[in-house]
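2 protein chains.
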Amino acid sequence: MMRTRPLKVALLGCGVVGSEVARIMTTHADDLAARIGAPVELAGVAVRRPDKVRGGVPAELITTDATALVKRGDIDVVVEVIGGIEPARTLITTAFEHGASVVSANKALLAQDGASLYAAAEQHGQDLYYEAAVAGAIPLIRPLRESLAGDKINRVMGIVNGTTNFILDKMDSTGAGYQEALDEATALGYAEADPTADVEGFDAAAKAAILAGIAFHTRVRLDDVYREGMTEVTAADFASAKQMGCTIKLLAICERAADGGSVTARVHPAMIPLSHPLASVREAYNAVFVEAEAAGQLMFYGPGAGGSPTASAVLGDVVAVCRNRLNEATGPGESAYTQLPVSSMGEVVTRYHISLDVADKPGVLAQVATVFAEHGVSIDTVRQQGKDGEASLVVVTHRAPDAALSGTVEALRKLDTVRGVASIMRVEGE
Amino acid sequence: MMRTRPLKVALLGCGVVGSEVARIMTTHADDLAARIGAPVELAGVAVRRPDKVRGGVPAELITTDATALVKRGDIDVVVEVIGGIEPARTLITTAFEHGASVVSANKALLAQDGASLYAAAEQHGQDLYYEAAVAGAIPLIRPLRESLAGDKINRVMGIVNGTTNFILDKMDSTGAGYQEALDEATALGYAEADPTADVEGFDAAAKAAILAGIAFHTRVRLDDVYREGMTEVTAADFASAKQMGCTIKLLAICERAADGGSVTARVHPAMIPLSHPLASVREAYNAVFVEAEAAGQLMFYGPGAGGSPTASAVLGDVVAVCRNRLNEATGPGESAYTQLPVSSMGEVVTRYHISLDVADKPGVLAQVATVFAEHGVSIDTVRQQGKDGEASLVVVTHRAPDAALSGTVEALRKLDTVRGVASIMRVEGE
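Line by line, the protein sequences give chains E and C. Numbering-wise, the first sequence is residues 1 to 430 according to full-length UniProt numbering. Numbering-wise, the second sequence is residues 1 to 430 according to full-length UniProt numbering.
Since the hints were derived computationally from the structure, they do not count as laboratory data. Hints may contain errors.
Claimed, not checked - Here are the simulated BS3-like cross-link-like pairs (lysine-lysine), alpha carbons at most 27 Å apart as the crow flies:
| hint | chain 1 | residue 1 | chain 2 | residue 2 |
| --- | --- | --- | --- | --- |
| 1 | E | Lys-71 | E | Lys-152 |
| 2 | E | Lys-52 | E | Lys-8 |
| 3 | C | Lys-71 | C | Lys-52 |
| 4 | C | Lys-414 | C | Lys-361 |
| 5 | C | Lys-242 | E | Lys-242 |
| 6 | C | Lys-152 | E | Lys-8 |
| 7 | C | Lys-71 | C | Lys-8 |
| 8 | E | Lys-152 | C | Lys-8 |
| 9 | E | Lys-52 | E | Lys-71 |
Work out the full structure, taking the sequences as your base and the hints as a guide.
The following block contains the structure:
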């Protein structure tokens, strides 16, 4: 039997995502009601500029007073798609205090204050869901939190930013340089006018923090995530990658240390073999590769952004939260029981591809190899190329701690036969 | 605060999957307790042959009386990994009657009797979860039932049988024929001594029925699924596929009709473009491609079988069901509210690749083209090849109903210039 009193949803923000949420709630109201077991209605939409509201939201639902909306007391679910830290944080905690659960797409806020938001939700007996915060429409948070709840996740490695994947894919397929590919991404609407958050890896780092926390049942904050952008990746790097049978992706990598006693989270460009499932993720798509002890290797693929895909993820959460309310229950809360420490980048162990410009004379390779050996970094392959009296050395290492590699590079720079370090890139996914 | 009375799990079957479930429940007991919020213990293991139990299950937990175990009354969750219709069906319903929820990996039973099992679960206020029944460890049922609960799924297309994907992948990469590739799969343990259920598509058809039911919120039974095996795929078919920039996969395809008024479910070999994400799924891996109205194109990839991966999926469900019990709630039940009819194969609309052996004389192409036109099947491309007085015609059609194609082929066979129809294959994923 379906109950007749509708569940009430308040929408904070009515931009690209919010207007899609409002539209689908209206056009698919019957489906949502059947799946929830009760009708669900849009009870109010808070916006900053009422004149800019799209998507046929009835005027009487629009308000500029978001605080009053979340304080109404009859709201079941607050959908927060404003983004940013404030006023989103205060509105979410106010919603919990006034008896509403929250569905959020706010990666920055969750990466910074996830623990305190979870605590506020639990204190007031409310749900906090945020599938849309990572990788748009791709079901990822729920599979990690629920489907793999009986397994032990050792690694999460993903392409979680569509803008940078679009740029790198263009560089790979056309041979373009970074600026040219960025210009194309901007022209096509894949990059914002100020692309800093994407190209410097801030967006991906927030997602890495969220994924690492869920995967390892510990707390990982944005500050714990090592971050390197992809603005210095060159066409020459792609040429080197091709010679190794690799391509270059901006990866978010969350790993449990081999001894199980700590975790790391990082974002940086890396070479991955063309045979790796992540290598064939094209254009602005996202994909996340998960390695679990029992499940083995899994991958989740789909659109990582956009109004409709993000709205799909938001509405999946709305349905789940509404079902929980009808059951007078809440879904899984924060799971941080392992309290594993987050290690610094220096402790990450991986492989490296280093291009050096060196003097073209005998003994250089021996000198360089000695520096690697002194720092305990074992060399896998070396390729020498002469050009006009100068020469280049491309060294690919075996697995070594990042700190040992940094020490190696510092020492290499001091050799007078080494004219410069043209590029250093990590090699992942082997 | 964690409650101290443990939740009790009864395990029916202790083969490849069951023994892994038992092992992980023991070795990861603390993690499971932390994630559930209460300890969980193995209360009994029912097997047919107690002397064959593996994995260090304590002797005092072993019983041959499965019925008595599920009737004990103190069991919270029954895990059914016996497979087959009986006694699994009776044991599951008996479990519900005696106050236990059920986690099952039994695709055949769910495809045949899902509706009545759901009804029994609901009648007794119990959960029925079965993530492991489709695509092993790949989180798929939960994303479809929950993450996409706010979206409209239009298509599910997947590689859901690892044995046949291994065989087809070998044929593709080595040029081997079907029998040779099957022999290799058997030798490596990827195919059973009697491979009928896999190679004739029965296993994939059961999974298609389950996926279609969930995706379209309607009831789809095994009998509703059109099924064609892959034993007649030849090396020549792979050569033809390559000429089209395609490969061949055994696909399970669940579709909503263009007018939205019905659905179809089918399993057959098909050509798909090499650029399609499913084309690069190698060896015994599974992958499922989902198209939803708002989310767009998603893909889920991972190991589709094996003891550990299947145990991972089972244990994810055990955690979910245990949490539900602590909340005194149940998860989502059957959702079949759309009651969409399942159309027959004749109404499926797709493209076709047809190889004909024809007489090498003028006018044959005109005759053949006329037959296609008379049946309303529009030709996209034709390729003629002469060889020793005989010739072959390869026709690729535009989209047409399967019934129209069948009629076309029947008429072609009656032409005396057509010596034979060498192969007919559907073309998907474009």
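Subject >> Violated constraints from the hint list, given by number and in increasing order >> reply: Result: hint 1 breaks, nothing else.
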